[in-house]
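Engineer: Let the hints inform the model, and build the full structure from the sequences given.
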Amino acid sequence: MKDKNKLYWKKNLNYLIVLLSIWFIVSFGFGILLVNQLNLIEFFGFKLGFWFAQQGSIYTFVILIFIYIYLMNKLDKEFKS
Amino acid sequence: MTLQLSIWIIIGLTFALYIGIAIWSKTNSTSEFYIAGKGVNPIANGMATAADWMSAASFISMAGIISFVGYDGSVYLMGWTGGYVLLALLLAPYLRKFGKFTVPDFIGDRYYSNAARTVAIFCALVVSFTYVAGQMRGVGIVFSRYLEVDINNGVFIGMGIVLFYAILGGMKGITYTQVAQYCVLIFAFMVPAIFISIQMTGNPIPQLGFGSETQDGVYLLDKLNGLHKELGFSEYTSGEKSKIDVFFITAALMIGTAGLPHVIVRFFTVKKVSDARKSAGWALLFIAILYTTAPAIAVFARTNLIETVSDKNYSDMPSWFKKWEETELLKFNDKNEDGTIQYLGDEKLNELTIDKDIMVMANPEIAQLPNWVIALLAAGALAAALSTAAGLLLVISSSISHDLIKKIISPKLVRRKILKEDISEKGELIAARISAFFAVLLAGYFGINPPDFVAATVALAFGLAAASFFPAIVLGIFYKRMNKEGAISGMIVGISSMLYYMLKFKFGWFGGGNQEDWFIGVSPEGFGTIAMILNFFVSILISSLTKEPPNQIKKLVENLRTPDE
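Protein chains in written order, with this note's numbering: chain A, 1 to 81; chain B, 82 to 646.
Keep in mind the hints are simulated off the structure, nothing from the lab. Among the clues, some could well be false.
Label pairs and their computed distance ranges (CB to CB) [said to hold, decoys possible]:
1) A:80 with B:559: 17 to 25 Å
2) B:506 with A:22: 44 to 52 Å
3) B:589 with A:24: 29 to 37 Å
4) B:426 with A:79: 38 to 46 Å
5) A:25 with B:590: 34 to 42 Å
6) B:403 with A:22: 45 to 53 Å
Owing to the predicted nature of the structure, the values given are computational and were not obtained by experimental measurement. Glycine included, C-beta positions come from ideal geometry on N, C-alpha and C.
Structural biologist: So, in structure tokens, the structure goes:
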């Protein structure tokens, strides 16, 4: 039982590390630190860096949470049975 | 139908709806009063959280601020949405699993200490009060601008409505009115945005519209950048703030969002741990609808405004221009006396000053939309302000009746044999309603006599939440070795460094200072991030130097980390 709980927690932490890295790269990376470089790229009618800062990062945040919901529901099922 | 009449009708209908919901959801137990009996559906809770979170500032001011600062406005867009990722991944599920009523509950129990609980109560009260005063003021302003009611009477009407449904229905009443308020406010925000997007770019989706071409075949953003260059403003898509400051402000707003007690408490109201995660997802989706539309409105409004006023004859200005001039939110000073409006980046030559709040409120008039759209906007702004005020008032009343009276004062009185037994549930419920009543009065007082520091302290509220609650909660879940000595000293160091920096640079205490004296170029708005890092550092250091937490606390933490039953 104890090992099982440990494994569950470890998997959860792995998910967190991956998802939070994406969270950081998209907002702080693309939206702030690399914004000038990305702004050289045209993305439809937007400069890409500006688009990430005012649109793209927010869409990514929503998607990240729903991926986490999906992963954790699956993990919960796996460990309950 | 005249504008006044349609505004009264739409506001009257929405208020009747809120009151109806309050009567339907009357509560009888503390669990219903504090956390709606844990029976809220995650999608409904997502809507309620979104309404709770989006205040008058999000609704009225944010798009306006962005339209003046362009790229720099991204700090609000990313900062006030990114925090939900932290909430969903690091806080909400575990706090729901812990399963109590309030944030000080968690801090007090996890750190087995009433001192920690008291520090948490203090932070919750400071954060919530600074916030709620601004909301009441917002209600008054909306009434006075749209209905020509005196600001103070507007505040009284707002107080009456909130008082009614917060005291009667507690969290249950607040939650279901917030669901209705979300629907009102998002509809009110989107309708003018869609109309204007079609007018300017032919694309009905504002998020795509502001990246589309205008009728003359130029991309809208390129056109706006061109206009800015011509008039001597800095490029819209680039901004002026230093990169390091943008970074730290965004981080402080994100982490502050995740640490705000009135947001966290919403995740206590659902049935299961998995529902807490779902709620956070839905909440952010509902918030994102407004937050991705706001930058589009900002660009539309900015372009529209420049094209309408720049180098045009003052006498040819449309009627909305005169109307907003009367409120002094729009000021024209013909410096070179040529009768035309020079709207320029150079302050010496510029002749037009514009308040940021106009951009959203006058937008439908500038775009010549029908009266009912303007009426809708007024109702939406009120919904945004009232829903946030109610959520904050509940945190204040539960901090007093539950955390302070039930958990600290009442047991003390029992021990000293002044009281025979602990306060009953009925007694606690009465205490909760009485404290909600006084909290509304106090909020109303600040709404009528706004202290000068309200605007300055909103940033403080985020900084405080980031510097105090966030590390204490995250370490409480993810670091088993964390003990009370570490948590208390961390919170105290976090709060006091934040307060020191704010007081020094915002109020001129401790010798004051200006931009050149900022610590590594970080503004007071962004300092919450540094105070939070200090908190983490001190917490872990002190904790590793003092003795381990007791075994039952370690068990409690282990239990938080297991799948939900």
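Engineer: Confirm or reject each hint.
Structural biologist: Hints, verified against the model:
no.	hint	result
1	A:80 with B:559: 17 to 25 Å	holds (23 Å)
2	B:506 with A:22: 44 to 52 Å	holds (45 Å)
3	B:589 with A:24: 29 to 37 Å	holds (35 Å)
4	B:426 with A:79: 38 to 46 Å	violated (60 Å)
5	A:25 with B:590: 34 to 42 Å	holds (39 Å)
6	B:403 with A:22: 45 to 53 Å	holds (50 Å)
Hint violations for this structure: number 4 only, all remaining hints satisfied.
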